[in-house]
Each structure stands twice: as structure tokens, then as C-alpha cells.
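Going down the list, the sequences are from chains A and B. Using my numbering, read the first sequence as starting at 0 and increasing by one per residue. Using my numbering, read the second sequence as starting at 0 and increasing by one per residue.
Hint data in this document are derived by calculation from the structure and do not stem from the laboratory. You can trust all of the hints, since none of them are fake.
The list treats identical chains as interchangeable, and a pair is accepted whether it falls inside one copy or across any two copies.
Computed cross-link-like contacts, DSS-like style, restricted to lysine-lysine with a CA-CA straight-line distance of at most 30 Å:
| no. | residue 1 | residue 2 |
| --- | --- | --- |
| 1 | Lys55 | Lys86 |
| 2 | Lys109 | Lys86 |
| 3 | Lys393 | Lys316 |
| 4 | Lys30 | Lys55 |
| 5 | Lys220 | Lys208 |
| 6 | Lys86 | Lys141 |
| 7 | Lys86 | Lys30 |
| 8 | Lys190 | Lys208 |
| 9 | Lys341 | Lys393 |
| 10 | Lys370 | Lys393 |
| 11 | Lys253 | Lys190 |
| 12 | Lys330 | Lys341 |
Protein chains: 2
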Amino acid sequence: MGRIVVKFGGTSVGDVERIENAADKVVAEVKRGNSVAVVVSAMSGVTNQLVEYCRKISPMYDAREYDAVVSSGENITSGLMAIALQKRGIAARSWQGWQVQIMCNDVHGKARIEDIDAEAMNARLDAGEVAVLAGFQGVTSKNRIATLGRGGSDTTAVALAAALGADRCDIYTDVNGVYTTDPRIVPRARKLDKISYEEMLEMASLGAKVLQTRSVEMAMKQNVPLQVLSTFEEAIGSDYPGTLVTKEEDIMEKQVVNGIAYNVDEAKVTLLNVPDVPGAAAKVFGPLSDANVNVDMIVQNISQNELVTDMTFTVPKQELDRTLEVVGNIKELEGTEIRYDKNVVKVSVVGIGMRSHAGVAQTMFNALAEKGINIQVISTSEIKISVLVSAEYKELAVRTLHAAYGLEADE
Amino acid sequence: MGRIVVKFGGTSVGDVERIENAADKVVAEVKRGNSVAVVVSAMSGVTNQLVEYCRKISPMYDAREYDAVVSSGENITSGLMAIALQKRGIAARSWQGWQVQIMCNDVHGKARIEDIDAEAMNARLDAGEVAVLAGFQGVTSKNRIATLGRGGSDTTAVALAAALGADRCDIYTDVNGVYTTDPRIVPRARKLDKISYEEMLEMASLGAKVLQTRSVEMAMKQNVPLQVLSTFEEAIGSDYPGTLVTKEEDIMEKQVVNGIAYNVDEAKVTLLNVPDVPGAAAKVFGPLSDANVNVDMIVQNISQNELVTDMTFTVPKQELDRTLEVVGNIKELEGTEIRYDKNVVKVSVVGIGMRSHAGVAQTMFNALAEKGINIQVISTSEIKISVLVSAEYKELAVRTLHAAYGLEADE
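Starting from the given sequences, assemble the full structure and let the hints guide the process.
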């Protein structure tokens with residue numbers, strides 16, 4: 000019937016018993032008449048151990064050697080999964096990145112897949128064999144192993160699904176889908192049956208760490224329906240028990256707001272008394288961009304004094320020191336006072352229905368105001384509104400907004 | 000100056016600190032002006048863990064998948080060793096079997112190396128880079144990973160040395176050389192400075208497990224001088240602190256007897272009243288050979304009865320059950336009584352000087368007789384004499400012979 004790619008993350012293949020459990024799911028898909036390619040991560044803990052070995056020998060390791068070392072974890076799982084499938088009477092073989100070949104650029108440690116030669120694998124799938132591909136890795140034009148960065152196996156799975164022309168890519172993980180918000184904060188958060196790529200991208204990059212952002216981008220570009228589902232529940236992918244990430248057109252009932260995301264990994268930087276001349280923003284953000292700092296939210300306020308202005312922006316906390324150093328060295332900002340605050344959280348409401356609905360922002364601002372939550376920065380896109388508030392309001396803000404947009408599951 | 004291959008076994012690279020220690024030895028060789036290729040085993044314990052995973056999932060695992068899994072251990076070490084060398088300011092890169100390529104036949108799990116394309120590696124060695132090759136593995140013509148069987152990294156090292164035209168292959172391990180006998184039995188056993196390939200083969204296959212037999216055969220055939228030395232002592236290979244395994248012609252003073260080996264892994268099988276007709280031996284050993292039983296010592300006695308004869312032979316203990324089954328099913332042996340004894344030890348004296356010296360056997364038989372040790376079976380070759388005795392005499396026989404041939408080190 001269909002051709003599907005199923006991917007198992009590290010906890011789903013965390014030990015031999017779990018590999019066997021995952022193999023059972025693959026067998027069930029094969030028995031439904033599907034042709035299946037499997038992508039596996041390293042057994043949980045293995046990659047961390049290998050990274051630790053490299054760091055212990057030299058924190059300044061050669062990324063090519065790091066890749067040769069850390070890619071081994073996935074090689075191990077792929078062979079073990081093939082053995083587990085064969086034991087269940089299913090023809091199967093493992094594939095390592097260089098065997099396929101999964102061609103990558105040579106940005107070792109966070110390479111990008113450039114091409115997949117799926118011909119040999121396709122022939123074997125057609126012959127009824129299950130392919131088990133080691134995720135997270137590929138091979139460069141120089142015949143060296145490259146890895147795709149943390150969470151890269153999701154990207155491998157989506158890229159393989161695109162190359163094989165698969166009907167669907169199922170991402171088995173330890174949660175049973177994408178929720179309207181973090182269930183640890185809102186116990187009545189609701190599992191979404193469907194979500195658009197665009198919303199998922201906002202949810203993922205805003206802190207709902209279910210899928211690697213790059214894999215969602217690739218799925219959107221290649222038009223691969225992606226399902227997030229649990230390895231530890233009984234249903235298999237073909238039963239659609241998880242959350243399907245798909246095209247906006249395939250979602251009949253578009254919610255105005257589909258989820259509330261939050262991100263505590265950003266810090267706020269404020270520049271007071273920046274000379275208010277044309278090009279002032281470029282003077283600030285040019286050097287930050289050169290230093291590879293990912294600036295997120297930006298606002299510029301009109302100051303009391305007409306000759307100067309105030310600027311506020313957010314950066315990842317881990318890039319804050321670099322940010323302060325870069326900004327402190329900008330000649331044009333000599334009279335400027337630099338302040339920063341790590342004690343902030345970005346809370347966002349996300350929904351494709353927003354495009355055709357007014358009043359979404361108003362609901363947000365009113366709800367937060369009622370609880371006495373002060374908004375420090377606002378930024379918006381077509382399908383999301385984000386506000387920066389003091390970190391102490393994290394739970395209150397998320398719960399308030401989740402309720403304000405009626406996202407609760409039925410009791 | 001020279002080009003050498005150095006190989007580190009599992010205990011020599013057992014953890015990060017030991018990998019660093021091994022890297023120091025490589026650096027010392029490079030600083031002497033040598034061009035160095037390194038072959039590494041898996042960190043000790045890793046291969047066992049991977050084998051255990053395979054067995055746990057399915058004792059009947061597919062050998063191709065087993066190979067894909069267990070070869071990962073060497074991949075990890077090779078990358079870590081390259082990082083450790085780079086940290087020391089030495090240009091280095093890791094190579095996996097498929098990158099070289101180390102071409103093997105497809106007898107997965109115990110493949111043989113058929114060809115090594117050393118061109119790319121040679122060019123890099125010429126440019127001053129250290130090559131770090133993952134041992135124990137190669138790639139088949141079908142582009143699958145194959146492993147060479149336990150201890151296969153020794154074979155990788157020798158094959159690489161031959162392919163590179165290296166001057167020497169140093170096998171770093173946890174002992175500092177080959178001894179006249181097992182020092183646990185004879186504390187005054189003496190380290191040999193040199194030993195011939197032929198003697199080493201007899202010593203290795205007789206139970207002195209320092210080097211994989213196949214690697215010694217290959218070294219002999221390819222004429223690669225092989226040095227066994229300790230990773231945990233200070234001297235490096237170029238100081239010749241270990242035992243050099245080399246051509247007979249390179250050994251000036253040929254000892255009549257160079258070592259006493261023993262082997263407790265064989266069982267004795269006796270067939271009483273075998274019909275004494277031409278072809279009787281073939282009737283017995285043909286089916287055993289067909290069943291892949293490795294028969295070692297064979298003697299045929301004249302029986303009291305002229306129409307029948309007695310036959311005694313030894314087989315590996317782990318092949319004893321198979322042997323008894325095969326022999327029990329031979330039609331021509333219907334009136335034959337089959338006895339076996341696992342409680343035996345084979346003790347051997349080995350020496351190339353034996354070729355030109357008479358009386359070696361006599362010394363052996365007298366020495367054992369004086370201690371009241373009964374010899375059950377005798378077999379001889381050009382450079383060794385082996386006797387089978389009751390297992391309880393193991394230590395006594397080894398010590399007696401070691402003394403009888405004057406092999407003790409000076410006190």
C-alpha cells in the first residue's frame with residue numbers, strides 16, 4: 000500500500016528491550032501492507048558518552064574526528080534493529096550514511112544533507128525488505144563522515160522520506176503528540192490532531208522541543224506529512240494516534256490560536272540613548288550579525304530627548320556575553336548605556352487562523368493586563384504574537400493565555 | 000627515516016587516559032623521524048558489550064548486521080586517537096575500513112583481507128600525517144562491513160604494514176614480549192629478544208595467546224618484522240624493548256629449544272577396535288573434516304587383535320560433542336568403542352634449532368619420566384615436539400621442561 004518512513008529517537012531505542020518494542024511497531028506497519036524505511040537514533044546516553052570522550056581528550060577537537068566518533072552510536076542501533084526485525088521474520092538490512100549515500104556538505108558537526116541517492120534502497124524496499132538507516136549522519140564529497148547536529152535524526156528521516164517519495168514520516172518519541180502548551184504547566188493542555196508546518200515551526204523554535212526545527216522546515220519544503228507519536232503506546236502510525244504536521248490546506252478547521260509556547264532561553268538587552276540618526280540600527284545589528292549572534296525580538300522606542308533613542312532586543316542567553324562585548328566595542332555607541340536582563344520569558348500565541356481574524360492581540364493584551372503582567376517587548380508575525388515578560392510570570396502567563404483562547408481539553 | 004605501523008590492543012586504549020598514553024608513544028616515534036600508521040582496537044569491554052547486545056536480541060543474528068554493530072568500537076577509538084594526536088601538535092586523521100579501502104571477502108564475522116588500496120594513505124603519510132586506522136574491519140565487494148574475527152586488529156596491522164611497505168609492525172599490548180613459557184607457571188621464564196615466525200606460530204597456536212595466529216602467518220608470508228611490546232613501559236618500539244618476530248635468517252644464535260607452550264583446550268578421543276583395513280583413517284577423519292572439526296594430534300596403535308586397531312586423536316574441547324556425534328554415526332565403526340577424556344593438557348617444546356639437533360625428544364621424554372608423568376600421545380613437527388599428559392601435571396610438566404632445556408632467566 001503506502002511507503003512510510005518511521006524514526007525512533009534515543010529513548011525509543013534506549014536499550015535492547017526498547018529496540019525490540021520499536022521493531023514490533025515496524026512489523027505491525029509491514030503487516031498492514033506498508034513498505035517501511037526505519038531511521039534510528041543512538042541508544043539514549045550513547046551519544047553523550049562519545050561526546051564526553053572527545054571533550055575529555057581535547058575541548059578543541061577536530062570536528063571531522065568528532066563526527067567519526069559520535070556517528071558510531073547510530074551505526075550500532077541500525078544493526079541491532081535489523082537483527083530484531085529479522086528475528087521477527089521480516090527481511091531487513093542496516094544502512095550507514097556512506098552506504099546509501101547520504102551526501103552532506105562538509106560543515107562537520109552541523110552538516111546539511113544535500114542529496115540522497117535512494118536508488119539502491121528503493122529497489123530493496125520494492126523487493127519487500129525493510130531498510131534501517133543510521134540517522135544523524137552522512138558522508139561528504141571528501142568521503143568523510145559528517146553529522147547533522149543534535150536532533151539530526153529527525154532531519155535524516157524527513158530527507159529520506161522526501162528522497163523515497165514516502166507518503167508519510169512518523170517520528171516516534173516519548174510524547175504522544177504536540178500539545179496546545181506544556182502539560183507540565185497546564186495539565187489540561189490538549190493534544191492536537193493536526194497542526195500546520197508553519198505553526199509547528201513557531202512552536203518548535205519557541206521552545207516546544209518535540210521536533211528539530213530544521214526537520215520541520217525540510218518537511219514543509221518537500222511537502223512530507225510528519226506525524227509525532229509515542230513509542231510507548233500501543234497504536235502504530237497508520238492509526239494516526241499522534242499529531243500530524245501537514246500543509247495548511249489539509250487542515251479543515253483552522254483554529255485562530257492553536258498553541259501557547261514559551262521560551263526561557265533568551266535575555267533582554269536595552270541600549271539607552273543611542274544617537275537617533277539614520278543607520279543607527281545597522282550600526283548595532285550589523286556587528287552582532289557578523290559575530291553570529293541570533294537577535295530575536297527588536298523594538299526601538301522614542302526617547303524623551305529627540306536626539307537619542309532607546310533600543311531593546313533579545314538574544315539567546317548563551318550568546319549574551321558575546322553580545323555585550325560586541326555592543327560595548329561599537330564606537331558610535333560611546334554615550335550609550337547598556338542594560339541587560341536574563342530574568343525574562345518570551346510567551347507566544349500561535350495560530351494560522353490569525354491571518355483572517357482580528358482581535359487576537361487584543362485578547363492577549365487584555366488577559367495579561369487583568370493578571371497584572373507587564374509586557375516589556377512585543378513582536379508579531381503573520382501567525383504568532385510574542386510578548387516578553389518577567390520570568391516570574393511564566394506559568395501564570397501561559398495558563399492565562401491558554402484559558403483566554405479556550406484551548407483546554409474537555410474535563 | 001622509517002615507515003612503521005603500530006597497533007594498540009584493547010587494554011592499551013581501554014579508557015581516555017590510556018588513549019592519551021598510546022598517543023604519546025606515537026608522538027615519540029614521529030619525533031624520531033618515523034612515518035607512522037596506527038591501528039587501533041576497540042576500548043576494552045566495548046566489543047563484548049556490542050556482541051552481548053546482538054546475542055540478547057537474537058542468538059541467530061545475521062553476521063552482516065553483527066559486523067555492522069561490532070565494528071563500531073574500533074571506529075570510536077580511531078577518531079579519539081586522531082584527536083589525541085592532533086592535541087599533541089601532530090597532523091593525524093582517522094580511517095575506517097571502507098575509507099581506505101580494506102577489501103575483505105564476505106565471510107562475515109571472520110573475513111579475510113584480500114586487498115588494501117594504500118595509495119591515498121601513503122600520500123598522506125608522505126606528507127607527514129599520521130594515519131589512524133580502525134582495526135578488525137574491512138569492506139566487502141558488496142559494500143558491507145565485515146570483521147576479521149577476534150584479535151583481527153593484529154591482522155589488520157600486519158596487512159597494512161605489508162601494503163604500505165612498512166619497515167616494521169609494532170604490536171603494543173599488556174605484556175612486554177614473548178616469553179619462554181607462561182610466567183604465571185614459571186616465574187623465571189625469560190623474555191625472548193627474537194623469535195622466528197615459525198616458532199611464534201607454534202607458540203601462538205599452542206596457547207601462548209600474544210598474537211593472533213593469522214597475523215603471524217601473514218607477517219611470515221609478507222615478510223613483515225613484527226614486534227610485541229608493552230604499552231605500559233616507557234620505551235617505544237624503535238628502542239626494540241620487546242620481542243621481535245622475524246625471519247629465521249635474521250636470528251643469529253638459534254636456540255635448540257626456545258619455549259615451552261601448553262594448551263588445555265583440547266580433548267582426547269580414543270576409538271578402540273577400529274577395523275584394521277586400508278582406508279580406515281579416511282573413514283574416520285573424512286567425516287570429521289566435513290563437519291569442520293579441527294583434529295590436531297593423531298596416533299594409531301597396533302592392537303592385540305590383528306584385525307582391529309586403536310586410534311587416538313585430539314580435538315578442541317568445544318568441538319567434542321560434535322566429534323562424538325559424527326564418529327558415532329559412521330557405519331564402518333559399528334563395533335568400535337568410543338572413549339574420550341577432557342582432562343588432558345598438551346605440552347610442547349618449540350625451537351628452530353631442533354632441525355639440526357638430535358636428542359631433543361630424548362631430553363623431553365627423560366625429564367617427564369623422571370617426574371613420573373605418563374605420556375599419552377606424542378606428535379612432532381620439524382620445530383616442535385608435543386605430548387599429551389593428564390591435566391593435573393600441567394604446571395609440573397611445564398616447569399620440568401623449562402628447566403630441562405635451561406630456559407630460566409638469570410636470577
